[in-house]
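Using the sequences and the hints, build the whole thing.
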Amino acid sequence: MFTLYNSLPLPLFLLVSIGSGLCLIYYYSRNFLKHTALSAIGMIILGTVGLLIGLLKIITEFQLSIAENRVKGAIVFLLPIAVLFIIIGSLIYNKGNRKRLKMLIYCSIIIFVFFIYILLLLIFY
2 MFTLYNSLPL
12 PLFLLVSIGS
22 GLCLIYYYSR
32 NFLKHTALSA
42 IGMIILGTVG
52 LLIGLLKIIT
62 EFQLSIAENR
72 VKGAIVFLLP
82 IAVLFIIIGS
92 LIYNKGNRKR
102 LKMLIYCSII
112 IFVFFIYILL
122 LLIFY
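Sequence positions in the sequence shown follow the working numbering and run 2 to 126.
Since the hints were made in silico from the structure, they are not lab data. These figures come from a predicted structure and were not determined experimentally. Incorrect hints may have been included.
[Unchecked claim] Below 30 Å or equal to it, Euclidean Cα-Cα: the simulated DSBU-like pairs (lysine-lysine) are: (1) K35 with K103; (2) K96 with K35; (3) K100 with K35; (4) K73 with K58.
Structural data, given as structure tokens:
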């Protein structure tokens, strides 16, 4: 897949992916009302994707090819939803500030271009 995905040893990769996923899920489920609902839901879904990436690494390491396609499909399905929720939640939060809104639109375009690139790498690799 990616260089980081192949170069890190299994325990370190699992610590980073599952640890960051659990931290995101814990923080945004505890502080749900401090953020807009869509951005908090998007971050919780992003934490779930982190957990699924750790699970995918375990599946590929132990060569369990039956479940590999299901986990890849779930990642490819959940990742765009999470990114879209985060961007829409940020747009709702900054709707009164023109300068931040303009910067957010530029950044969201860059994120979507990068996101499509990553998806193409996942699909065609």
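Here is how each hint holds up against the structure:
no., hint, verdict
1, K35 with K103, "23 Å, holds"
2, K96 with K35, "17 Å, holds"
3, K100 with K35, "22 Å, holds"
4, K73 with K58, "11 Å, holds"
When held up to the earlier numbered hints, the structure conflicts with none and fits them all.
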